[in-house]
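Trainee: Sequential numbering from 1 applies to the sequence shown in this note's numbering.
Calculated directly from the structure, the hints in this document are not laboratory data.
Not one of these hints is a red herring.
Pairwise CB distance ranges, derived in the manner of DEER restraints: (1) ARG91 - GLU196: 20 to 26 Å; (2) ARG52 - LEU228: 41 to 47 Å; (3) GLU242 - GLU196: 18 to 24 Å.
On a predicted model such as this, the values are computed, not experimentally measured, just so you know.
Glycine included, each C-beta is placed from N, C-alpha and C at the ideal position.
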Amino acid sequence: MISYEKHEGYGRIAMASPPVNAIGKQFVADFHAVLDKVDADGPMSALVIESRQRTFCAGADLALVASYFEKPDGPLEMLDYVRSLHTLFNRIEALPMVTIAAVNGVALGGGLELALSCDLRVIKESASVGLPEAKVGMIPGAGGTQRLTRLCGEGIAKRIILAGDLAKGQQAVEFGIAQYWASDDEFDARVTALAEQIAGLSAGALRWSKFCIAGAVDPAVDGFARELAVPLDIMRTQEARERVTAFFNRKS
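Build the full structure now, drawing on both the sequences and the hints.
Mentor: Right, here's the structure in full:
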């Protein structure tokens, strides 16, 4: 089960598929259905993705993966399944608002890949993250090899993927996997405070900022050209006019 709540300026998606939020076909379908609600809800500045289980997300449904080895068309079905994960995580990455993964517990394999598709990650001190697919003869093929390397660099990616290291709490921040960490007692409040902080910012400006940042990490895109193009659109919005006017009225 995956639920969605709208708050003042931000939303919250909660994963609650016992016991460990394993990513099966129904999980993917339910997540898309919730994202449809987010899309229909109008502009917001932030979206928290969190878990109602002790585990954030343990990754792929291994029973489903194992079943593919017993079928003649199993490899093709497995490819379709992995493609469905790419589609979901790419959709999360492309959302216009700032996405926050609230990593309250273990995030392994596809669970970490889900978190990596978000803009920001807050990790609980006791939580661990990793990409241990090599232990079962697989690779982190739902974006893990790419997003982790782009985010943390080749060295850290090789530690996590090739050596099978786990990163816990503050270490995940030191590695660059997460941007924030909080003690177990303060975690929920820290996530909410961050969401509320971002909720006070312009949804339009955040959307365009994400667009420009994406251009900075894509070698096929001229990020500076994006920066020059964006002000034309921003200056035409009523929100920008009102925010600038309010700022100067407050100073005067």
